[in-house]
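Asker: Read off the chains here:
Number of protein chains: 2
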Amino acid sequence: MKILLVICDGMGDRPSKHFKGKTALQATKHKNLDELAKNGSAGIMDTIAPGIRPGSDTAHLALLGHDPYKVYTGRGPFEATGIGMDLREGDVAVRCNFGTVKNGTIVDRRAGREAFGLDELGKALNIKIGDTEMLFKHAVGHRGALIIRGTGLSDKIGDTDPHEEGKQIKTSVALEPEAKKTAEALNEYIKKAQEILSNHPMNKEREKRGFPLANAILTRGPGLAPKIEKFEKKYGIKGGCVTATGAIAGVMKYCGLDTKLVEGRGLASDLDMKAGMALDMLKEKDFCLLHIKGCDDYSHDGNAQAKAKMIVKIDAMIGRLVKKAPKDLIIAVTADHSTPLEFKNHTSDPVPLAICGQTMRRDNTKRYDEIECAGGAIGRIKGQDLIKILLDLAGKTQLFGA
Amino acid sequence: MKILLVICDGMGDRPSKHFKGKTALQATKHKNLDELAKNGSAGIMDTIAPGIRPGSDTAHLALLGHDPYKVYTGRGPFEATGIGMDLREGDVAVRCNFGTVKNGTIVDRRAGREAFGLDELGKALNIKIGDTEMLFKHAVGHRGALIIRGTGLSDKIGDTDPHEEGKQIKTSVALEPEAKKTAEALNEYIKKAQEILSNHPMNKEREKRGFPLANAILTRGPGLAPKIEKFEKKYGIKGGCVTATGAIAGVMKYCGLDTKLVEGRGLASDLDMKAGMALDMLKEKDFCLLHIKGCDDYSHDGNAQAKAKMIVKIDAMIGRLVKKAPKDLIIAVTADHSTPLEFKNHTSDPVPLAICGQTMRRDNTKRYDEIECAGGAIGRIKGQDLIKILLDLAGKTQLFGA
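First to last, the protein sequences are chains A and B. Just so we're aligned: 139 in my numbering is position 139 of the first sequence, and the numbers increase by one with no gaps anywhere. The number in my numbering is simply the position in the second sequence, starting from 1, with 1000 added.
These aren't lab readings, by the way, just hints derived from the structure by calculation. Here the structure is a predicted model, which means the values were calculated and not measured. Some hints could be false.
Simulated crosslink set (DSSO-like; lysine-lysine; CA at most 30 Å straight-line) [what the hints assert, rightly or not]: (1) B:LYS1388 to A:LYS17; (2) B:LYS1227 to A:LYS156; (3) A:LYS382 to B:LYS1070; (4) A:LYS29 to B:LYS1366; (5) A:LYS17 to B:LYS1323; (6) A:LYS17 to B:LYS1038; (7) A:LYS17 to A:LYS227; (8) B:LYS1227 to A:LYS70; (9) A:LYS22 to B:LYS1031; (10) B:LYS1324 to A:LYS17; (11) B:LYS1388 to A:LYS20; (12) B:LYS1208 to A:LYS156; (13) A:LYS366 to B:LYS1382; (14) A:LYS156 to B:LYS1388; (15) B:LYS1324 to A:LYS382; (16) B:LYS1388 to A:LYS227; (17) A:LYS17 to B:LYS1366; (18) A:LYS388 to B:LYS1070; (19) A:LYS17 to B:LYS1031; (20) B:LYS1156 to B:LYS1181; (21) B:LYS1230 to A:LYS156; (22) B:LYS1234 to A:LYS227; (23) B:LYS1038 to A:LYS38; (24) B:LYS1366 to A:LYS38; (25) A:LYS382 to B:LYS1234; (26) A:LYS22 to B:LYS1323; (27) B:LYS1327 to A:LYS20; (28) B:LYS1233 to A:LYS382; (29) A:LYS382 to B:LYS1181; (30) A:LYS22 to B:LYS1029; (31) B:LYS1038 to A:LYS31; (32) B:LYS1396 to A:LYS382; (33) B:LYS1031 to A:LYS20; (34) A:LYS344 to B:LYS1396; (35) B:LYS1181 to A:LYS29.
Counterexamples of contact, computed for chain B against chain A with all Cβ distances above 10 Å [unchecked claim]: (36) GLU1035; (37) SER1041; (38) LYS1102; (39) ILE1129; (40) ALA1174.
Where a beta carbon is used, it is the ideal one built from N, C-alpha and C, also for glycine.
For reference, chain A alone in the conformation it holds in the complex (with noise of 0.2 Å):
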């Protein structure tokens, strides 16, 4: 037997104006998640802990079975795997903006958010400091990350970005002894990023093309790789993950998960593709994680429409996906946490869960939905216990004692 686990990032809401007082998964209609819920057990989940609101790369640690509280270590670390920057045990990784510095002033924190020719200026930014690499790569729009790498490296060192227009940026400083030397390599490599950024000939291109020069690094967010055990190690199985979001992969890809991004997230994309891949993966593997981030977007942007609509999209494909499915498969619908619309951002409400497969018992909940999941029979677990639990009703789990 296998598992799929299908998390709908953001799906879980609170009353909302737009549905009456009604969550999105109350008001609208989605027989197949309802199917899913009838023909196994439902549940509730806090995904980190009751009251906690979850990021998305510290619900995804719980959802692994790790404890992000002993694990989590910051932004930056997930922000340079998610761009498929090979980060490793003892890196320092620091988030990065590309901004426009005019005198010594900086006049746009992110380079009038223009995306040209940062991947080859990013490219120019590989250099060593002393002993230390700083390794550089462009993410996304005016963003990227950095990776500190060498010896006696500690991530308590202050931001270099100041977080505010018309300032200059700031010398990072070191926030215990032992990371003076962290923070006077990642000072010494700010000086000369703007040495190479400014004479480099795509500065001279963006600016022919009336493009904000791209002429600093700012960094925020420093944060030490992980001590994680990779999945393997820890569940003695394969596994891997389908997903469209950058952030969601780094932490997949880090806790040694097999790990596909691709493209198209929200109503426009392909979800019966996503689905496929999922399958195809649980051919070689016996556990796949297939991420959803539609729900969460449109929460963020307080737009109930889309957001139903999402929710009648994933339905339709969750139909379609049952129908393909192995007999055998373990299948839970989750999220990773709520993201009401009316609260635009991620809160501790817990998620539903349903979780069907032979194995699973059936209870009696008709509806898939906050509330009636909530009378289901796995009552209110944590997320840290829910791969467990799926692990154990695949036989993938080890008695403990005799």
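Starting from the known structure of chain A, arrange chain B on it as the hints suggest.
Answerer: Showing chain B alone in chain A's frame:
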């Protein structure tokens, strides 16, 4: 959005012969509590953990989000803060009785339970033993508290109260080598206290009136002042409390809540006045805990009719409170523990919980009692998680991760 947390002390119950096997909540009509559950969601709560019988002090620590196993150091410290003493970190506090000693033998451990003159006698007991300050304050009846303040103190000392009449006052023993100084200071103090009390004119006055002499102090329940992060530091908002119970006031003050200790508990008390004070507090603060005592007292007495009437009285107050409350208030009604009428003491049985407010999901709960709430969409939570859930519903929390 702001938060009102109403704690109905000891309201939870077990099947009672007085109510044909129902609980007091099941057996009474309380449409306003029901309305709250209908308009929001319900659940049940283990204030500390399943199967753990909470004290009022440990329960309230948990309700403020603290782990009582980590922060609770015994009854003494909260007894002292509860009667308005200025307990500081490093202090050791013990609970005290005034007692009557004759020829070295304790003839009455409670000096006739007669409070006459004990305020004045207590004031005479503030002395120094070496470099250690001994700060005494009379509480109510025959009770008082002693704070031992100085350097190198420990709470690992034995009681001087033999907990039995006809015996001598015990010598406090050091239960660890580091407690020697504290035990010696206490033993010296107990001797000095007998001299001071025996020679005090107030004891002549007590004799004249036919009251037993209050000529000795008996100590029990030593505890080091706990290290507790103050409410505003922990949650970034200001909080208040309204209660008529000294011990609760002590816990609340020590946790950093602006606490109003008011008169009146039970059926004769003015609940509307207390509710009004709580709503007033919420004009300036984001959180208020309104503590209502009656149910617990009547349960300890096994007085079923009074408990039922108290529930009806609370229900009426809730009805008026909801009408007066601002629209965007989050209201939660629960108990600190169950106090079953048949058992006459606190038990671990989970307490009912209803949370109502614009951001709270609406489940299918129709009635507010131990059984109907258990079927609600909140499920079964821990006391420590409640405040985090409430803070998130009010938009007062931070994302963990990104």
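Asker: Does each hint fit the structure? Answer for all of them.
Answerer: Hints, verified against the model:
1. B:LYS1388 to A:LYS17: 24 Å, holds
2. B:LYS1227 to A:LYS156: OK: LYS1227 of chain B and LYS156 of chain A at ~27 Å, within 30 Å.
3. A:LYS382 to B:LYS1070: 23 Å, holds
4. A:LYS29 to B:LYS1366: 25 Å, holds
5. A:LYS17 to B:LYS1323: Distance of about 22 Å is within 30 Å: holds.
6. A:LYS17 to B:LYS1038: 18 Å, holds
7. A:LYS17 to A:LYS227: 43 Å, violated
8. B:LYS1227 to A:LYS70: 24 Å, holds
9. A:LYS22 to B:LYS1031: 24 Å, holds
10. B:LYS1324 to A:LYS17: Distance ~23 Å between LYS1324 of chain B and LYS17 of chain A Cα, so the pair holds.
11. B:LYS1388 to A:LYS20: 27 Å, holds
12. B:LYS1208 to A:LYS156: 72 Å, violated
13. A:LYS366 to B:LYS1382: 28 Å, holds
14. A:LYS156 to B:LYS1388: 28 Å, holds
15. B:LYS1324 to A:LYS382: 37 Å, violated
16. B:LYS1388 to A:LYS227: Since the Cα atoms of LYS1388 of chain B and LYS227 of chain A sit roughly 28 Å apart, the hinted pair holds (cutoff 30 Å).
17. A:LYS17 to B:LYS1366: The hint holds at about 22 Å.
18. A:LYS388 to B:LYS1070: This hinted pair holds, its Cα atoms lying about 29 Å apart.
19. A:LYS17 to B:LYS1031: Holds, because 26 Å separates the two Cα atoms, which is no more than 30 Å.
20. B:LYS1156 to B:LYS1181: Holds, because 11 Å separates the two Cα atoms, which is no more than 30 Å.
21. B:LYS1230 to A:LYS156: Answer holds: LYS1230 of chain B to LYS156 of chain A is near 26 Å, not above 30 Å.
22. B:LYS1234 to A:LYS227: 28 Å, holds
23. B:LYS1038 to A:LYS38: 25 Å, holds
24. B:LYS1366 to A:LYS38: Since the Cα atoms of LYS1366 of chain B and LYS38 of chain A sit roughly 24 Å apart, the hinted pair holds (cutoff 30 Å).
25. A:LYS382 to B:LYS1234: 23 Å, holds
26. A:LYS22 to B:LYS1323: 23 Å, holds
27. B:LYS1327 to A:LYS20: 17 Å, holds
28. B:LYS1233 to A:LYS382: 27 Å, holds
29. A:LYS382 to B:LYS1181: This hinted pair is violated, its Cα atoms lying about 48 Å apart.
30. A:LYS22 to B:LYS1029: It holds: about 29 Å lies between the C-alpha atoms, which stays within 30 Å.
31. B:LYS1038 to A:LYS31: 27 Å, holds
32. B:LYS1396 to A:LYS382: 22 Å, holds
33. B:LYS1031 to A:LYS20: 24 Å, holds
34. A:LYS344 to B:LYS1396: Within the cut-off at roughly 14 Å; holds.
35. B:LYS1181 to A:LYS29: 73 Å, violated
36. GLU1035: 15 Å, holds
37. SER1041: SER1041 of chain B not clear of chain A: closest Cβ-Cβ about 8 Å, inside 10 Å.
38. LYS1102: It holds; LYS1102 of chain B is separated from chain A by about 57 Å at its closest Cβ, greater than 10 Å.
39. ILE1129: Holds, since 43 Å exceeds 10 Å.
40. ALA1174: Given a closest Cβ separation of 38 Å, the condition holds.
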